[in-house]
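Each chain, letter by letter, is given below.
Protein chains: 2
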Amino acid sequence: MFRVISRDDRSLARAGELDLAHGRVRSPAFVPLATKAAVKGLEPREVEALGYELILANTFHLFLAPGSELVEEAGGVNRFMRWERPVITDSGGFQVFSMGHGTVADEIKGRGRPGERTGSVLAIEEEGVRFRSYIDGRERFMGPETSMAVQAALGSDIALVFDECTPLHVTREYTARSTERTHRWLERCLRWHDGHGPAGQVVYGIVQGGVEHDLRRESAHTVAASACDGIAIGGSLGQDKAQMHEVVSWTTAELDRHAPERPRHLLGIGDVDDLIAGVERGIDTFDCAMPTRLGRHGVAIVSDPSARWRVDLAKAAHRHAHEPIDPDCPCPACSEGFTRAYLHYAIRAHELTAMRLVTLHNLSYIARLMRDLRQAITEDRFPEVAAAFRAGATPGRSAG
Amino acid sequence: MFRVISRDDRSLARAGELDLAHGRVRSPAFVPLATKAAVKGLEPREVEALGYELILANTFHLFLAPGSELVEEAGGVNRFMRWERPVITDSGGFQVFSMGHGTVADEIKGRGRPGERTGSVLAIEEEGVRFRSYIDGRERFMGPETSMAVQAALGSDIALVFDECTPLHVTREYTARSTERTHRWLERCLRWHDGHGPAGQVVYGIVQGGVEHDLRRESAHTVAASACDGIAIGGSLGQDKAQMHEVVSWTTAELDRHAPERPRHLLGIGDVDDLIAGVERGIDTFDCAMPTRLGRHGVAIVSDPSARWRVDLAKAAHRHAHEPIDPDCPCPACSEGFTRAYLHYAIRAHELTAMRLVTLHNLSYIARLMRDLRQAITEDRFPEVAAAFRAGATPGRSAG
Chain P
56 MFRVISRDDR SLARAGELDL AHGRVRSPAF VPLATKAAVK GLEPREVEAL
106 GYELILANTF HLFLAPGSEL VEEAGGVNRF MRWERPVITD SGGFQVFSMG
156 HGTVADEIKG RGRPGERTGS VLAIEEEGVR FRSYIDGRER FMGPETSMAV
206 QAALGSDIAL VFDECTPLHV TREYTARSTE RTHRWLERCL RWHDGHGPAG
256 QVVYGIVQGG VEHDLRRESA HTVAASACDG IAIGGSLGQD KAQMHEVVSW
306 TTAELDRHAP ERPRHLLGIG DVDDLIAGVE RGIDTFDCAM PTRLGRHGVA
356 IVSDPSARWR VDLAKAAHRH AHEPIDPDCP CPACSEGFTR AYLHYAIRAH
406 ELTAMRLVTL HNLSYIARLM RDLRQAITED RFPEVAAAFR AGATPGRSAG
Chain R
56 MFRVISRDDR SLARAGELDL AHGRVRSPAF VPLATKAAVK GLEPREVEAL
106 GYELILANTF HLFLAPGSEL VEEAGGVNRF MRWERPVITD SGGFQVFSMG
156 HGTVADEIKG RGRPGERTGS VLAIEEEGVR FRSYIDGRER FMGPETSMAV
206 QAALGSDIAL VFDECTPLHV TREYTARSTE RTHRWLERCL RWHDGHGPAG
256 QVVYGIVQGG VEHDLRRESA HTVAASACDG IAIGGSLGQD KAQMHEVVSW
306 TTAELDRHAP ERPRHLLGIG DVDDLIAGVE RGIDTFDCAM PTRLGRHGVA
356 IVSDPSARWR VDLAKAAHRH AHEPIDPDCP CPACSEGFTR AYLHYAIRAH
406 ELTAMRLVTL HNLSYIARLM RDLRQAITED RFPEVAAAFR AGATPGRSAG
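Those protein sequences? They're chains P and R, same order as listed. Under our numbering, the first residue of the first sequence is numbered 56, with each subsequent residue one higher. Under our numbering, the first residue of the second sequence is numbered 56, with each subsequent residue one higher.
Treat the hints as calculated values from the structure; they're not laboratory data. There are no misleading hints in this set.
Any copy, or any two copies together, can satisfy a pair, since identical chains are not distinguished.
Derived lysine to aspartate or glutamate pairs resembling EDC-like cross-links, with alpha carbons at most 20 Å apart:
#1 Lys370 x Glu128
#2 Lys296 x Glu267
#3 Lys370 x Asp359
#4 Lys370 x Asp191
#5 Lys296 x Asp328
#6 Lys370 x Glu124
#7 Lys296 x Asp359
#8 Lys370 x Asp381
The following block holds chain P by itself, in its conformation from the complex (with noise of 0.2 Å):
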């Protein structure tokens, strides 16, 4: 299902083309979310215009609402979406375990979700996590084999097996621990799924092990060595940019030895310079909350590296500021000329226009800097181009 079309032969970056049940997926890519079946705001037929061909919708809030059953009568997530082309669906295990680990979870780099209303957990063990609904206050159980038959139900492309993400404050002893469970969980997970898997869903397995190295060789070797079709990094990487790189590193330099020809998801993580340092250590897709969500609060990406790639239109510099994002983006908010000025006022009025435009924005700029990432690849020019987006080069115009 997957196949690597070109390599670059001074990095692990590459491109390959994956050939899933809804079509076929052109990578390095960014896979926007569509947490809870809609990608916030926007219609599927924009995501697609933008350029995308994946997207990722959530396994633990689509169990508690709508359900999977009713998913399921609808055709699947795709059609009860209104979405023609590949979804990934993640296994539920973040969403369970970030209710036990409380805000800490949220010290993850752009997978936490401050202030949701999550539930409470009120068991983990062995079979699974118990825990009480954020939506009705219900009693609910989600473990490997529930993880799956709902991602089952959901009918999605690619299924993750369920993990512990576990969080950066444990200790080494619980990392150890926590990650041997979620190995036996992936074994657990490759069975049902071998039984009752839907047929083309592929399944992804997923590489905890915290920061130590040890841990993350050990469970890159496990996840390699087993049945999975892919394999998706996880878990806290790190305290800081650095340290996520070289957690990454360890991981896909395991990897490469063992699995080279398997597809890499790396989970949670969509930030400009995130996403060059992952293709360059062979990342092969990528999901973050990120782009969308900054949208929705008025924080535009743009190509200037030393304010980390962003302006928050929300702040007072832009009150007068008559001109787009970026007079040349090609997105519809710079390309229709809404001026900064007026997605200024317009976020500060909570205007859904002003949410969705922003969004817009930002998700056209990373569909072009993936697209440009991915030709660079097969033009041997991968190490020239990085280092110009590196420096400020804006996406989609020839940089490099």
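Could you slot chain R onto chain P? The hints should help.
Relative to chain P, chain R alone:
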């Protein structure tokens, strides 16, 4: 600026063309609200694609934020919000007085905004109204000249004169005194506009008079005798639809005698049956929050007179309804196949995408209704087409 191109000889219905600074508006027409310089959740190009030629922005809200100076600096409200066609601005009178009349103003069909923070009135005087801003608590003032100056700065195509919208619960004496003051304000507005109004901006007077036949007639006379370019009908229109239709009839009968060639706008009315009744009584344009506000709450407009043309998708009955709101509807929601089951779920999950989809459906329905009514007038079939719609025919499918 207004030309009647066809009259129904069995009612007061008429089809016309309004030539305004930013283009032509074919009437009868519905005018979607862009209260704070955005049609909530939509982009201007989408509103235009649905067939709309005129939208309404709110002087009171834009006066408080971002301020008319900022909008003027941006080149006017059209340019600011990226809408290239005509804009009508209301006068701000309704919002200013709502603060004083409190929640009683909410009784006025479609014009109330329950639960909205609207600041508080400090004093109502001949000069105008002093009030406290809901944005920053500052004391502000608005009177006839302020309202016209703000609308001049906003650069709208149609400005409305400053008026008091009298609610239903006040005494006949209050309504009489208020209507007289509204007439004095009309003259002050026209005088200010004569000296300072921007080229190309036209001014509509407003008929008040509550539900009193003689006061409405007198007000219609006074406004018709003034130099205003068009005439709006405002204020309390009664406690039920029958009374509202009667009040409109009194007014338009009078206007048809004394100002037959001037365009007429009915403020804050937009239910399907009321639009038909209004056109029948000689109204040219209508504005109302209804189609957009209902859309955000998941209430879709459908061809079902027995259910007041509404279906509440949030109700449990739609949980398993795996078909569009209307399978034959050409709107962006129905034509893309979004089902009632999906919208039911997504509205309850507060997904912006669902609010948008139902809003698009509702505006599409109303646009087709108005287009069909217009065509029926030009083809001398208005009474038959109106009867067909009242009996549940669907716009856009050669009714009547």
